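With these hints in hand, go ahead and build the complete structure from the sequences.
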Amino acid sequence: MWTVWLEYVAVLVVVAALTVVMGKWLAYCFTGESHWRIERWSYRAIGVNPDERMGWQRYGVALLLSNALMMLLGYLLLRLQMQLPLNPLGNAAQTPDLAFNTAASFITNTNWQAYSGETSLSNATQMVVITFLMFAGSITGAAVCAGFIRGIARSNASDVGNYWVDFVRILWRVMLPVSFAVALFLVWQGVPQTLTTQVDAHTLEGATQSLLTGPIASLESIKHVGTNGGGYFSMNAAHPFENPTPLSNIVHILSMLLIPAALTYALGSMLLRRRQGWVLFGACAILFSAFLALVFNAEQSGSAALARAGADQSMSLEQSGGNMEGKELRFGIAGTALFVTTTTAATTGSVNAMHDSLTPLGGITPLAQMMLNSVFGGDGVGLINLIQYAILTVFVAGMMIGRTPEFLGKKIEAREIKLVMLAVLAHPACVLGFTAIAALWPDTNASLNNHGPHGFSEVLYAYTSATANNGSAFAGLNANTPFFNTTLGLAMLFGRFLTMLPMLAVAGSLASKATVPPGPGTFPTATPLFMGLLIFVIAVVGGLTFLPALALGPVVEHLQMLAGQVYP
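Per our numbering, the sequence shown starts with residue 20, numbered consecutively.
Treat the hints as calculated values from the structure; they're not laboratory data.
Treat the hints with care, since some could be wrong.
Derived DEER-like restraints, expressed as beta-carbon distance ranges [what the hints assert, rightly or not]:
| no. | residue 1 | residue 2 | range |
| --- | --- | --- | --- |
| 1 | Pro196 | Ile420 | 17 to 25 angstroms |
| 2 | Leu31 | Lys430 | 29 to 37 angstroms |
| 3 | Asp462 | Pro107 | 45 to 53 angstroms |
| 4 | Ser531 | Pro501 | 42 to 50 angstroms |
| 5 | Trp24 | Gln217 | 41 to 49 angstroms |
| 6 | Lys430 | Gly562 | 48 to 56 angstroms |
| 7 | Asp70 | Arg294 | 27 to 35 angstroms |
| 8 | Leu84 | Leu31 | 37 to 45 angstroms |
| 9 | Ala323 | Leu88 | 48 to 56 angstroms |
| 10 | Gln102 | Gly51 | 41 to 49 angstroms |
| 11 | Gln76 | Leu348 | 50 to 58 angstroms |
| 12 | Leu459 | Leu31 | 20 to 28 angstroms |
| 13 | Ser308 | Tyr47 | 25 to 33 angstroms |
| 14 | Gly51 | Leu459 | 48 to 56 angstroms |
Everything numeric in this text was worked out from a predicted model, so none of it was measured.
We put the beta carbon where it would ideally sit given N, CA and C, even for glycine.
Structure follows, in C-alpha coordinates:
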(Lines of atoms letter the chains of each structure in order from A and count residues from 1; the text may use other names and numbers.)
(Lines give C-alpha, C1' and ligand atoms only; values in the text may rest on other atoms or scores of the structure.)
Protein backbone atom coordinates (compact mmCIF):
# COMPACT_ATOMS: atom_id res chain seq x y z
CA MET A 1 0.00 0.00 0.00
CA TRP A 2 2.82 2.42 0.80
CA THR A 3 4.08 2.13 -2.77
CA VAL A 4 0.80 3.61 -4.01
CA TRP A 5 1.17 6.70 -1.85
CA LEU A 6 4.81 6.96 -2.89
CA GLU A 7 3.66 6.98 -6.51
CA TYR A 8 1.13 9.70 -5.77
CA VAL A 9 3.74 11.86 -4.00
CA ALA A 10 6.16 11.37 -6.90
CA VAL A 11 3.51 12.50 -9.39
CA LEU A 12 2.77 15.65 -7.38
CA VAL A 13 6.49 16.43 -7.11
CA VAL A 14 6.85 16.09 -10.89
CA VAL A 15 3.80 18.31 -11.37
CA ALA A 16 5.37 20.96 -9.13
CA ALA A 17 8.62 20.83 -11.09
CA LEU A 18 6.80 21.10 -14.43
CA THR A 19 4.78 23.98 -12.98
CA VAL A 20 7.93 26.07 -12.66
CA VAL A 21 9.23 25.27 -16.14
CA MET A 22 5.95 25.71 -18.00
CA GLY A 23 4.90 28.63 -15.78
CA LYS A 24 8.00 30.62 -16.75
CA TRP A 25 7.38 29.90 -20.42
CA LEU A 26 3.70 30.91 -20.20
CA ALA A 27 4.60 34.17 -18.44
CA TYR A 28 7.10 34.91 -21.23
CA CYS A 29 4.47 34.15 -23.90
CA PHE A 30 1.92 36.42 -22.21
CA THR A 31 4.28 39.38 -21.69
CA GLY A 32 6.81 39.29 -24.55
CA GLU A 33 6.81 42.18 -27.01
CA SER A 34 8.37 40.51 -30.04
CA HIS A 35 6.49 38.30 -32.48
CA TRP A 36 7.81 35.20 -34.17
CA ARG A 37 7.81 35.25 -37.96
CA ILE A 38 5.16 32.55 -38.20
CA GLU A 39 3.01 34.59 -35.81
CA ARG A 40 3.29 37.67 -38.03
CA TRP A 41 2.25 35.52 -40.98
CA SER A 42 -0.75 34.34 -38.95
CA TYR A 43 -1.82 37.91 -38.15
CA ARG A 44 -1.68 38.83 -41.83
CA ALA A 45 -3.58 35.67 -42.79
CA ILE A 46 -6.52 36.47 -40.50
CA GLY A 47 -6.29 40.24 -41.09
CA VAL A 48 -5.72 41.52 -37.56
CA ASN A 49 -3.47 44.22 -36.15
CA PRO A 50 -1.25 42.77 -33.40
CA ASP A 51 -0.56 46.28 -32.04
CA GLU A 52 -4.22 46.96 -31.26
CA ARG A 53 -5.05 47.20 -27.58
CA MET A 54 -8.44 45.81 -26.53
CA GLY A 55 -10.59 46.68 -23.58
CA TRP A 56 -12.36 43.78 -21.93
CA GLN A 57 -15.52 44.39 -24.01
CA ARG A 58 -13.71 44.18 -27.35
CA TYR A 59 -11.64 41.26 -26.08
CA GLY A 60 -14.84 39.45 -25.14
CA VAL A 61 -16.54 40.22 -28.48
CA ALA A 62 -13.55 38.83 -30.40
CA LEU A 63 -13.71 35.71 -28.22
CA LEU A 64 -17.45 35.18 -28.73
CA LEU A 65 -17.52 35.85 -32.48
CA SER A 66 -14.51 33.67 -33.26
CA ASN A 67 -15.85 30.81 -31.15
CA ALA A 68 -19.31 31.12 -32.73
CA LEU A 69 -17.81 30.99 -36.22
CA MET A 70 -15.66 27.95 -35.42
CA MET A 71 -18.62 26.20 -33.81
CA LEU A 72 -20.74 26.86 -36.92
CA LEU A 73 -17.98 25.51 -39.15
CA GLY A 74 -17.73 22.35 -37.04
CA TYR A 75 -21.50 21.89 -37.12
CA LEU A 76 -21.64 22.19 -40.93
CA LEU A 77 -18.81 19.71 -41.45
CA LEU A 78 -20.48 17.18 -39.15
CA ARG A 79 -23.70 17.55 -41.11
CA LEU A 80 -21.79 17.07 -44.41
CA GLN A 81 -19.67 14.11 -43.31
CA MET A 82 -20.94 11.85 -46.12
CA GLN A 83 -19.60 14.33 -48.71
CA LEU A 84 -16.12 14.55 -47.15
CA PRO A 85 -13.12 12.36 -48.12
CA LEU A 86 -11.38 9.84 -45.82
CA ASN A 87 -14.65 8.09 -45.03
CA PRO A 88 -14.21 4.56 -46.44
CA LEU A 89 -16.64 3.08 -43.92
CA GLY A 90 -19.38 5.40 -45.15
CA ASN A 91 -20.26 6.80 -41.73
CA ALA A 92 -23.44 8.86 -41.96
CA ALA A 93 -23.68 12.54 -41.09
CA GLN A 94 -24.73 13.41 -37.56
CA THR A 95 -28.31 14.45 -36.94
CA PRO A 96 -28.97 18.19 -36.35
CA ASP A 97 -29.31 17.86 -32.57
CA LEU A 98 -26.25 15.61 -32.25
CA ALA A 99 -24.14 17.86 -34.50
CA PHE A 100 -25.16 20.87 -32.35
CA ASN A 101 -24.23 18.97 -29.21
CA THR A 102 -20.86 17.86 -30.64
CA ALA A 103 -19.90 21.29 -32.00
CA ALA A 104 -20.90 23.01 -28.74
CA SER A 105 -19.06 20.35 -26.78
CA PHE A 106 -15.71 20.69 -28.49
CA ILE A 107 -15.63 24.47 -28.90
CA THR A 108 -16.32 24.89 -25.17
CA ASN A 109 -13.48 22.54 -24.19
CA THR A 110 -16.09 20.08 -22.85
CA ASN A 111 -15.69 17.19 -25.30
CA TRP A 112 -18.80 15.38 -24.17
CA GLN A 113 -19.56 12.63 -26.67
CA ALA A 114 -23.10 11.43 -27.22
CA TYR A 115 -21.80 9.19 -30.00
CA SER A 116 -19.31 6.36 -30.41
CA GLY A 117 -16.23 7.87 -32.01
CA GLU A 118 -14.95 4.89 -33.97
CA THR A 119 -18.30 4.08 -35.59
CA SER A 120 -19.80 7.58 -35.95
CA LEU A 121 -17.00 9.79 -37.30
CA SER A 122 -14.62 9.45 -40.24
CA ASN A 123 -10.89 10.21 -40.22
CA ALA A 124 -11.71 13.53 -41.90
CA THR A 125 -14.12 14.73 -39.20
CA GLN A 126 -11.92 13.32 -36.41
CA MET A 127 -9.09 15.57 -37.67
CA VAL A 128 -10.76 18.56 -39.31
CA VAL A 129 -13.57 18.97 -36.77
CA ILE A 130 -12.71 17.23 -33.51
CA THR A 131 -8.95 17.82 -33.30
CA PHE A 132 -9.33 21.35 -34.71
CA LEU A 133 -11.96 22.31 -32.12
CA MET A 134 -9.86 20.71 -29.39
CA PHE A 135 -7.08 23.16 -30.21
CA ALA A 136 -9.50 26.08 -30.55
CA GLY A 137 -11.33 25.46 -27.27
CA SER A 138 -8.23 24.97 -25.14
CA ILE A 139 -6.38 27.93 -26.69
CA THR A 140 -9.40 30.16 -26.10
CA GLY A 141 -9.41 29.34 -22.39
CA ALA A 142 -5.68 29.98 -22.03
CA ALA A 143 -5.94 33.23 -24.04
CA VAL A 144 -8.71 34.59 -21.83
CA CYS A 145 -6.62 33.68 -18.79
CA ALA A 146 -3.73 35.70 -20.26
CA GLY A 147 -5.99 38.73 -20.65
CA PHE A 148 -7.42 38.17 -17.17
CA ILE A 149 -3.99 38.03 -15.48
CA ARG A 150 -2.87 41.07 -17.46
CA GLY A 151 -5.95 42.96 -16.31
CA ILE A 152 -5.51 42.31 -12.60
CA ALA A 153 -1.78 43.07 -12.86
CA ARG A 154 -2.15 46.51 -14.46
CA SER A 155 -2.98 49.87 -12.92
CA ASN A 156 -4.85 52.76 -14.51
CA ALA A 157 -5.06 50.84 -17.79
CA SER A 158 -7.91 50.69 -20.28
CA ASP A 159 -6.99 47.42 -22.00
CA VAL A 160 -6.29 43.78 -21.18
CA GLY A 161 -4.15 43.03 -24.24
CA ASN A 162 -5.01 41.67 -27.67
CA TYR A 163 -7.09 38.50 -27.98
CA TRP A 164 -5.63 37.53 -31.35
CA VAL A 165 -2.05 37.91 -30.17
CA ASP A 166 -2.77 35.73 -27.15
CA PHE A 167 -4.53 33.12 -29.28
CA VAL A 168 -1.81 32.92 -31.94
CA ARG A 169 1.06 32.85 -29.43
CA ILE A 170 -0.49 30.05 -27.38
CA LEU A 171 -1.10 28.10 -30.58
CA TRP A 172 2.46 28.32 -31.92
CA ARG A 173 4.46 28.52 -28.70
CA VAL A 174 2.56 26.16 -26.39
CA MET A 175 -0.15 23.89 -27.76
CA LEU A 176 1.41 22.74 -31.03
CA PRO A 177 4.96 22.00 -29.79
CA VAL A 178 3.85 20.33 -26.55
CA SER A 179 1.15 18.29 -28.31
CA PHE A 180 3.64 17.23 -31.00
CA ALA A 181 6.11 16.00 -28.36
CA VAL A 182 3.41 14.11 -26.45
CA ALA A 183 2.10 12.56 -29.69
CA LEU A 184 5.58 11.26 -30.56
CA PHE A 185 5.86 9.74 -27.08
CA LEU A 186 2.49 8.04 -27.45
CA VAL A 187 3.45 6.60 -30.84
CA TRP A 188 6.53 5.14 -29.13
CA GLN A 189 4.23 3.59 -26.52
CA GLY A 190 2.11 1.96 -29.23
CA VAL A 191 -0.68 4.44 -29.99
CA PRO A 192 -1.55 4.33 -33.74
CA GLN A 193 -1.06 7.40 -35.95
CA THR A 194 -2.20 6.59 -39.47
CA LEU A 195 -4.76 7.47 -42.12
CA THR A 196 -5.59 3.78 -42.51
CA THR A 197 -9.13 3.26 -41.24
CA GLN A 198 -8.90 -0.41 -40.33
CA VAL A 199 -6.47 -3.32 -40.34
CA ASP A 200 -7.03 -7.07 -40.11
CA ALA A 201 -5.56 -9.00 -37.20
CA HIS A 202 -5.33 -12.78 -36.87
CA THR A 203 -6.34 -14.07 -33.45
CA LEU A 204 -4.83 -17.02 -31.58
CA GLU A 205 -7.86 -19.08 -32.56
CA GLY A 206 -7.12 -18.45 -36.24
CA ALA A 207 -10.00 -16.05 -36.85
CA THR A 208 -9.64 -12.68 -38.58
CA GLN A 209 -10.67 -9.55 -36.69
CA SER A 210 -10.95 -6.04 -38.17
CA LEU A 211 -9.43 -3.36 -35.92
CA LEU A 212 -10.29 0.31 -36.39
CA THR A 213 -7.32 2.69 -36.45
CA GLY A 214 -6.64 6.28 -37.49
CA PRO A 215 -4.81 9.46 -36.44
CA ILE A 216 -5.17 8.60 -32.76
CA ALA A 217 -1.90 9.82 -31.20
CA SER A 218 -2.37 13.38 -32.49
CA LEU A 219 -5.88 13.50 -31.03
CA GLU A 220 -4.78 11.99 -27.72
CA SER A 221 -2.02 14.55 -27.20
CA ILE A 222 -4.15 17.69 -27.56
CA LYS A 223 -6.96 15.86 -25.78
CA HIS A 224 -4.91 15.84 -22.57
CA VAL A 225 -2.57 18.81 -23.00
CA GLY A 226 -5.63 20.93 -23.84
CA THR A 227 -7.70 19.45 -20.97
CA ASN A 228 -10.23 18.48 -23.62
CA GLY A 229 -11.32 14.91 -23.00
CA GLY A 230 -13.40 12.86 -25.35
CA GLY A 231 -11.84 9.96 -27.21
CA TYR A 232 -11.22 8.45 -30.60
CA PHE A 233 -12.91 5.30 -29.30
CA SER A 234 -16.02 5.03 -27.15
CA MET A 235 -13.93 3.34 -24.42
CA ASN A 236 -11.81 6.50 -24.29
CA ALA A 237 -8.49 6.22 -22.42
CA ALA A 238 -9.42 2.71 -21.27
CA HIS A 239 -8.90 1.55 -24.87
CA PRO A 240 -5.41 0.06 -25.45
CA PHE A 241 -5.04 2.07 -28.68
CA GLU A 242 -5.49 5.30 -26.70
CA ASN A 243 -3.71 4.37 -23.48
CA PRO A 244 -1.69 1.17 -23.88
CA THR A 245 0.68 1.18 -20.89
CA PRO A 246 0.98 2.42 -17.29
CA LEU A 247 3.64 4.84 -18.55
CA SER A 248 1.28 6.35 -21.12
CA ASN A 249 -1.28 6.60 -18.31
CA ILE A 250 1.11 8.70 -16.20
CA VAL A 251 1.98 10.92 -19.18
CA HIS A 252 -1.72 11.50 -19.80
CA ILE A 253 -2.10 12.55 -16.16
CA LEU A 254 0.89 14.90 -16.26
CA SER A 255 -0.35 16.38 -19.55
CA MET A 256 -3.73 17.18 -18.00
CA LEU A 257 -2.20 19.02 -15.05
CA LEU A 258 0.62 20.70 -16.98
CA ILE A 259 -0.94 23.99 -18.08
CA PRO A 260 -3.58 24.46 -15.32
CA ALA A 261 -0.92 24.07 -12.62
CA ALA A 262 1.64 26.17 -14.50
CA LEU A 263 -0.77 29.08 -14.79
CA THR A 264 -0.58 29.60 -11.01
CA TYR A 265 3.17 30.16 -11.36
CA ALA A 266 2.66 32.34 -14.45
CA LEU A 267 0.28 34.53 -12.46
CA GLY A 268 2.80 34.92 -9.66
CA SER A 269 5.52 35.82 -12.16
CA MET A 270 3.42 38.40 -14.01
CA LEU A 271 2.30 39.98 -10.73
CA LEU A 272 5.86 39.89 -9.34
CA ARG A 273 4.32 37.97 -6.41
CA ARG A 274 5.68 34.44 -6.68
CA ARG A 275 4.41 33.50 -3.23
CA GLN A 276 0.89 34.37 -4.35
CA GLY A 277 1.16 31.87 -7.16
CA TRP A 278 2.40 29.14 -4.83
CA VAL A 279 -0.45 29.82 -2.38
CA LEU A 280 -2.96 29.20 -5.18
CA PHE A 281 -1.05 26.10 -6.28
CA GLY A 282 -0.98 24.86 -2.68
CA ALA A 283 -4.74 25.30 -2.27
CA CYS A 284 -5.37 23.25 -5.41
CA ALA A 285 -2.84 20.59 -4.39
CA ILE A 286 -4.43 20.15 -0.95
CA LEU A 287 -7.93 19.80 -2.40
CA PHE A 288 -6.60 17.45 -5.07
CA SER A 289 -4.86 15.26 -2.50
CA ALA A 290 -7.97 15.08 -0.32
CA PHE A 291 -10.17 13.97 -3.21
CA LEU A 292 -7.51 11.49 -4.37
CA ALA A 293 -7.40 9.92 -0.91
CA LEU A 294 -11.20 9.71 -0.86
CA VAL A 295 -11.60 7.94 -4.19
CA PHE A 296 -8.64 5.60 -3.65
CA ASN A 297 -9.77 4.50 -0.19
CA ALA A 298 -13.37 4.12 -1.36
CA GLU A 299 -12.41 1.89 -4.28
CA GLN A 300 -9.77 -0.07 -2.37
CA SER A 301 -12.24 -0.73 0.46
CA GLY A 302 -14.64 -2.27 -2.03
CA SER A 303 -18.38 -2.57 -1.94
CA ALA A 304 -20.58 -4.30 0.62
CA ALA A 305 -23.03 -5.09 -2.17
CA LEU A 306 -20.34 -6.90 -4.18
CA ALA A 307 -19.22 -8.75 -1.07
CA ARG A 308 -22.74 -10.03 -0.48
CA ALA A 309 -22.86 -11.12 -4.12
CA GLY A 310 -19.83 -13.32 -3.44
CA ALA A 311 -17.07 -11.22 -5.04
CA ASP A 312 -13.63 -11.64 -3.43
CA GLN A 313 -12.37 -8.11 -2.71
CA SER A 314 -9.50 -8.99 -0.39
CA MET A 315 -5.96 -7.89 -1.22
CA SER A 316 -3.45 -10.68 -1.81
CA LEU A 317 -0.36 -11.51 -3.88
CA GLU A 318 -2.66 -12.64 -6.70
CA GLN A 319 -5.02 -9.65 -6.79
CA SER A 320 -5.19 -6.00 -5.76
CA GLY A 321 -8.53 -6.38 -3.99
CA GLY A 322 -11.17 -3.70 -3.75
CA ASN A 323 -13.75 -2.74 -6.33
CA MET A 324 -12.26 -3.69 -9.71
CA GLU A 325 -15.55 -3.50 -11.59
CA GLY A 326 -15.17 -1.28 -14.68
CA LYS A 327 -11.40 -0.90 -14.27
CA GLU A 328 -8.47 -1.98 -16.41
CA LEU A 329 -6.10 -4.51 -14.83
CA ARG A 330 -3.08 -2.78 -16.37
CA PHE A 331 -3.86 0.35 -14.33
CA GLY A 332 -5.43 -1.15 -11.22
CA ILE A 333 -7.18 0.84 -8.51
CA ALA A 334 -4.16 3.08 -7.89
CA GLY A 335 -3.79 4.20 -11.51
CA THR A 336 -7.54 4.50 -11.92
CA ALA A 337 -8.04 6.61 -8.78
CA LEU A 338 -5.28 9.00 -9.84
CA PHE A 339 -6.78 9.31 -13.31
CA VAL A 340 -10.32 9.82 -11.96
CA THR A 341 -9.14 12.60 -9.66
CA THR A 342 -7.00 14.27 -12.33
CA THR A 343 -9.50 14.19 -15.16
CA THR A 344 -12.19 15.91 -13.10
CA ALA A 345 -9.82 18.23 -11.24
CA ALA A 346 -8.48 19.51 -14.57
CA THR A 347 -11.99 19.29 -16.12
CA THR A 348 -10.62 17.11 -18.90
CA GLY A 349 -13.25 14.39 -19.05
CA SER A 350 -10.97 11.67 -20.38
CA VAL A 351 -11.56 8.38 -18.54
CA ASN A 352 -9.53 5.19 -18.15
CA ALA A 353 -12.31 3.37 -16.28
CA MET A 354 -16.09 3.27 -16.10
CA HIS A 355 -17.05 6.08 -13.70
CA ASP A 356 -20.52 4.56 -13.47
CA SER A 357 -18.93 1.55 -11.72
CA LEU A 358 -17.28 3.59 -8.95
CA THR A 359 -18.52 3.10 -5.42
CA PRO A 360 -20.86 5.89 -4.21
CA LEU A 361 -18.08 7.62 -2.24
CA GLY A 362 -15.71 7.12 -5.18
CA GLY A 363 -18.31 8.67 -7.48
CA ILE A 364 -18.67 11.70 -5.23
CA THR A 365 -15.06 12.69 -6.01
CA PRO A 366 -15.53 13.44 -9.74
CA LEU A 367 -18.94 14.98 -9.04
CA ALA A 368 -17.65 17.25 -6.28
CA GLN A 369 -14.59 18.38 -8.21
CA MET A 370 -16.73 19.34 -11.20
CA MET A 371 -19.15 21.15 -8.91
CA LEU A 372 -16.31 23.14 -7.31
CA ASN A 373 -14.73 23.64 -10.76
CA SER A 374 -11.60 25.24 -9.31
CA VAL A 375 -9.24 22.39 -8.30
CA PHE A 376 -6.65 23.32 -10.95
CA GLY A 377 -9.47 23.34 -13.50
CA GLY A 378 -9.20 23.45 -17.28
CA ASP A 379 -6.65 25.37 -19.32
CA GLY A 380 -7.12 29.01 -18.33
CA VAL A 381 -10.64 28.86 -16.95
CA GLY A 382 -9.52 26.88 -13.90
CA LEU A 383 -7.30 29.71 -12.68
CA ILE A 384 -10.03 32.26 -13.43
CA ASN A 385 -12.49 30.25 -11.33
CA LEU A 386 -9.92 29.99 -8.54
CA ILE A 387 -9.41 33.77 -8.54
CA GLN A 388 -13.16 34.35 -8.29
CA TYR A 389 -13.11 32.36 -5.04
CA ALA A 390 -10.01 34.27 -3.91
CA ILE A 391 -11.84 37.57 -4.43
CA LEU A 392 -14.84 36.17 -2.56
CA THR A 393 -12.50 35.14 0.26
CA VAL A 394 -11.00 38.62 0.71
CA PHE A 395 -14.52 40.06 0.57
CA VAL A 396 -15.62 37.79 3.43
CA ALA A 397 -12.47 38.65 5.39
CA GLY A 398 -12.99 42.38 4.76
CA MET A 399 -16.57 42.27 5.96
CA MET A 400 -15.43 40.55 9.17
CA ILE A 401 -13.22 43.53 10.07
CA GLY A 402 -15.41 46.24 8.55
CA ARG A 403 -13.02 47.35 5.78
CA THR A 404 -13.25 47.59 2.03
CA PRO A 405 -11.54 44.38 0.86
CA GLU A 406 -8.37 44.52 -1.20
CA PHE A 407 -6.90 41.93 -3.54
CA LEU A 408 -3.45 42.26 -5.13
CA GLY A 409 -3.35 45.95 -4.31
CA LYS A 410 -6.80 46.75 -5.77
CA LYS A 411 -9.91 47.65 -3.81
CA ILE A 412 -12.75 45.18 -4.34
CA GLU A 413 -15.95 47.20 -4.56
CA ALA A 414 -19.62 46.52 -5.31
CA ARG A 415 -19.16 46.19 -9.10
CA GLU A 416 -16.51 43.49 -8.79
CA ILE A 417 -18.45 41.53 -6.16
CA LYS A 418 -21.62 41.58 -8.26
CA LEU A 419 -19.73 40.24 -11.26
CA VAL A 420 -17.98 37.60 -9.15
CA MET A 421 -21.29 36.45 -7.66
CA LEU A 422 -22.81 36.29 -11.15
CA ALA A 423 -20.01 33.92 -12.19
CA VAL A 424 -20.22 31.92 -8.95
CA LEU A 425 -24.01 31.47 -9.12
CA ALA A 426 -24.22 30.82 -12.88
CA HIS A 427 -22.53 27.44 -12.44
CA PRO A 428 -24.91 25.84 -9.87
CA ALA A 429 -27.93 27.54 -11.43
CA CYS A 430 -27.16 25.89 -14.75
CA VAL A 431 -26.39 22.47 -13.23
CA LEU A 432 -29.37 22.31 -10.89
CA GLY A 433 -31.78 24.04 -13.27
CA PHE A 434 -31.19 21.64 -16.16
CA THR A 435 -31.12 18.64 -13.79
CA ALA A 436 -34.52 19.66 -12.42
CA ILE A 437 -35.94 20.00 -15.94
CA ALA A 438 -34.56 16.58 -16.91
CA ALA A 439 -35.98 15.00 -13.75
CA LEU A 440 -39.44 16.24 -14.79
CA TRP A 441 -39.05 15.43 -18.49
CA PRO A 442 -41.35 12.47 -19.29
CA ASP A 443 -38.86 10.67 -21.56
CA THR A 444 -35.91 10.76 -19.16
CA ASN A 445 -36.68 7.36 -17.67
CA ALA A 446 -36.35 5.78 -21.09
CA SER A 447 -32.73 6.99 -21.24
CA LEU A 448 -31.74 5.47 -17.89
CA ASN A 449 -30.31 2.00 -17.35
CA ASN A 450 -30.63 2.53 -13.60
CA HIS A 451 -33.49 4.11 -11.67
CA GLY A 452 -33.83 5.46 -8.17
CA PRO A 453 -30.94 7.38 -6.55
CA HIS A 454 -28.31 6.11 -9.00
CA GLY A 455 -30.44 7.10 -11.99
CA PHE A 456 -30.70 10.60 -10.49
CA SER A 457 -26.92 10.61 -10.01
CA GLU A 458 -26.46 9.78 -13.71
CA VAL A 459 -28.56 12.77 -14.76
CA LEU A 460 -26.93 15.06 -12.18
CA TYR A 461 -23.48 13.92 -13.33
CA ALA A 462 -24.34 14.65 -16.97
CA TYR A 463 -25.36 18.27 -16.41
CA THR A 464 -22.54 18.85 -13.90
CA SER A 465 -20.05 17.54 -16.45
CA ALA A 466 -21.54 19.64 -19.25
CA THR A 467 -21.69 22.87 -17.24
CA ALA A 468 -18.18 22.38 -15.84
CA ASN A 469 -16.97 21.74 -19.42
CA ASN A 470 -15.62 18.38 -18.31
CA GLY A 471 -17.18 15.79 -20.60
CA SER A 472 -16.96 12.58 -18.55
CA ALA A 473 -20.14 10.66 -17.76
CA PHE A 474 -21.86 8.05 -15.68
CA ALA A 475 -22.40 5.88 -18.72
CA GLY A 476 -25.75 4.46 -17.62
CA LEU A 477 -27.46 7.45 -19.28
CA ASN A 478 -28.30 7.35 -22.99
CA ALA A 479 -27.87 11.04 -23.78
CA ASN A 480 -28.17 10.76 -27.56
CA THR A 481 -31.73 12.04 -27.75
CA PRO A 482 -32.98 15.41 -29.03
CA PHE A 483 -33.79 16.55 -25.49
CA PHE A 484 -30.45 15.65 -23.92
CA ASN A 485 -28.40 16.72 -26.94
CA THR A 486 -30.03 20.15 -26.91
CA THR A 487 -30.10 20.81 -23.16
CA LEU A 488 -26.59 19.46 -22.57
CA GLY A 489 -25.31 21.59 -25.46
CA LEU A 490 -26.92 24.68 -23.90
CA ALA A 491 -25.46 23.77 -20.50
CA MET A 492 -21.98 23.62 -22.08
CA LEU A 493 -22.35 27.07 -23.64
CA PHE A 494 -23.85 28.66 -20.51
CA GLY A 495 -21.26 27.05 -18.26
CA ARG A 496 -18.43 28.31 -20.47
CA PHE A 497 -19.38 31.88 -21.21
CA LEU A 498 -21.59 32.90 -18.27
CA THR A 499 -18.64 32.28 -15.94
CA MET A 500 -15.81 33.43 -18.24
CA LEU A 501 -17.17 36.78 -19.42
CA PRO A 502 -18.13 38.23 -15.99
CA MET A 503 -14.63 37.48 -14.71
CA LEU A 504 -13.12 39.11 -17.80
CA ALA A 505 -15.20 42.16 -16.88
CA VAL A 506 -13.73 41.98 -13.36
CA ALA A 507 -10.23 42.02 -14.87
CA GLY A 508 -11.12 45.05 -16.97
CA SER A 509 -12.50 46.85 -13.92
CA LEU A 510 -9.42 46.09 -11.81
CA ALA A 511 -7.09 47.13 -14.64
CA SER A 512 -8.60 50.63 -14.59
CA LYS A 513 -7.96 51.06 -10.88
CA ALA A 514 -4.87 52.45 -9.21
CA THR A 515 -2.79 50.16 -7.03
CA VAL A 516 -3.05 51.06 -3.36
CA PRO A 517 -0.23 50.34 -0.92
CA PRO A 518 -0.98 47.83 1.83
CA GLY A 519 -2.19 49.34 5.07
CA PRO A 520 -2.65 48.11 8.63
CA GLY A 521 -6.06 46.63 7.73
CA THR A 522 -4.93 44.86 4.57
CA PHE A 523 -5.47 41.13 4.67
CA PRO A 524 -2.34 39.48 3.19
CA THR A 525 -3.19 36.93 0.50
CA ALA A 526 0.19 35.24 0.08
CA THR A 527 0.16 33.36 3.38
CA PRO A 528 -0.81 29.89 4.61
CA LEU A 529 -3.69 31.52 6.52
CA PHE A 530 -5.21 32.82 3.30
CA MET A 531 -4.65 29.44 1.65
CA GLY A 532 -6.62 27.74 4.41
CA LEU A 533 -9.39 30.34 4.27
CA LEU A 534 -9.57 29.99 0.48
CA ILE A 535 -9.97 26.22 0.76
CA PHE A 536 -12.68 26.75 3.38
CA VAL A 537 -14.62 29.19 1.19
CA ILE A 538 -14.40 26.91 -1.86
CA ALA A 539 -15.59 23.92 0.15
CA VAL A 540 -18.38 25.78 1.95
CA VAL A 541 -19.77 27.67 -1.05
CA GLY A 542 -19.58 24.62 -3.30
CA GLY A 543 -20.74 22.22 -0.61
CA LEU A 544 -23.77 24.22 0.53
CA THR A 545 -24.84 24.89 -3.06
CA PHE A 546 -24.79 21.29 -4.22
CA LEU A 547 -25.34 19.37 -0.98
CA PRO A 548 -29.10 18.79 -1.50
CA ALA A 549 -28.47 17.33 -4.98
CA LEU A 550 -25.66 15.10 -3.67
CA ALA A 551 -27.92 13.95 -0.83
CA LEU A 552 -30.57 12.80 -3.31
CA GLY A 553 -28.07 10.77 -5.31
CA PRO A 554 -24.63 9.55 -4.11
CA VAL A 555 -25.36 9.87 -0.38
CA VAL A 556 -28.46 7.67 -0.64
CA GLU A 557 -26.48 5.26 -2.84
CA HIS A 558 -23.81 5.01 -0.14
CA LEU A 559 -26.44 4.18 2.47
CA GLN A 560 -27.86 1.55 0.13
CA MET A 561 -24.40 0.06 -0.36
CA LEU A 562 -23.83 -0.15 3.40
CA ALA A 563 -27.11 -2.03 3.61
CA GLY A 564 -25.86 -4.44 0.96
CA GLN A 565 -28.32 -3.31 -1.70
CA VAL A 566 -27.52 -3.06 -5.40
CA TYR A 567 -28.72 -0.43 -7.86
CA PRO A 568 -32.31 -1.16 -8.94
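(message) The hint says 41 to 49 angstroms between Trp24 and Gln217; measuring C-beta to C-beta, is that right?
(response) holds, 42 angstroms
(message) Assuming the hint says 41 to 49 angstroms, is it satisfied by the Cβ distance from Gln102 to Gly51 or not?
(response) Holds, at about 43 angstroms.
(message) Verify the CB-CB distance for Leu459 and Leu31 against the hinted window 20 to 28 angstroms.
(response) The hint (20 to 28 angstroms, Cβ to Cβ) is violated, given that Leu459 and Leu31 are roughly 43 angstroms apart.
(message) Assuming the hint says 48 to 56 angstroms, is it satisfied by the Cβ distance from Gly51 to Leu459 or not?
(response) holds, 53 angstroms
(request) Indicate whether the distance between the beta carbons of Lys430 and Gly562 respects the range 48 to 56 angstroms. (result) Between Lys430 and Gly562, where Cβ atoms are some 29 angstroms apart, the hint is violated.
(request) Could you see if the CB distance from Leu31 to Lys430 stays within 29 to 37 angstroms? (result) The hint (29 to 37 angstroms, Cβ to Cβ) holds, given that Leu31 and Lys430 are roughly 36 angstroms apart.
(message) A range of 17 to 25 angstroms was offered for this pair. Does it hold for the Cβ distance of Pro196 and Ile420?
(response) violated, 48 angstroms
(request) Check the following: the C-beta atoms of Leu84 and Leu31 are separated by a distance inside 37 to 45 angstroms. (result) holds, 40 angstroms
(message) I want to verify a distance hint. Is the separation of the beta carbons of Asp70 and Arg294 within 27 to 35 angstroms?
(response) holds, 34 angstroms
(request) Look at the Cβ atoms of Ser308 and Tyr47 and judge whether their distance stays inside 25 to 33 angstroms. (result) Between Ser308 and Tyr47, where Cβ atoms are some 30 angstroms apart, the hint holds.
(message) Can you tell me whether the CB distance of Ala323 to Leu88 sits inside 48 to 56 angstroms?
(response) About 53 angstroms separates the Cβ atoms of Ala323 and Leu88, which means 48 to 56 angstroms holds.
(request) Just tell me: holds or violated, for the beta carbon distance of Ser531 and Pro501 against 42 to 50 angstroms? (result) holds, 45 angstroms
Comparing the model with each earlier hint shows violations of hints 1, 3, 6 and 12; every other hint is respected.
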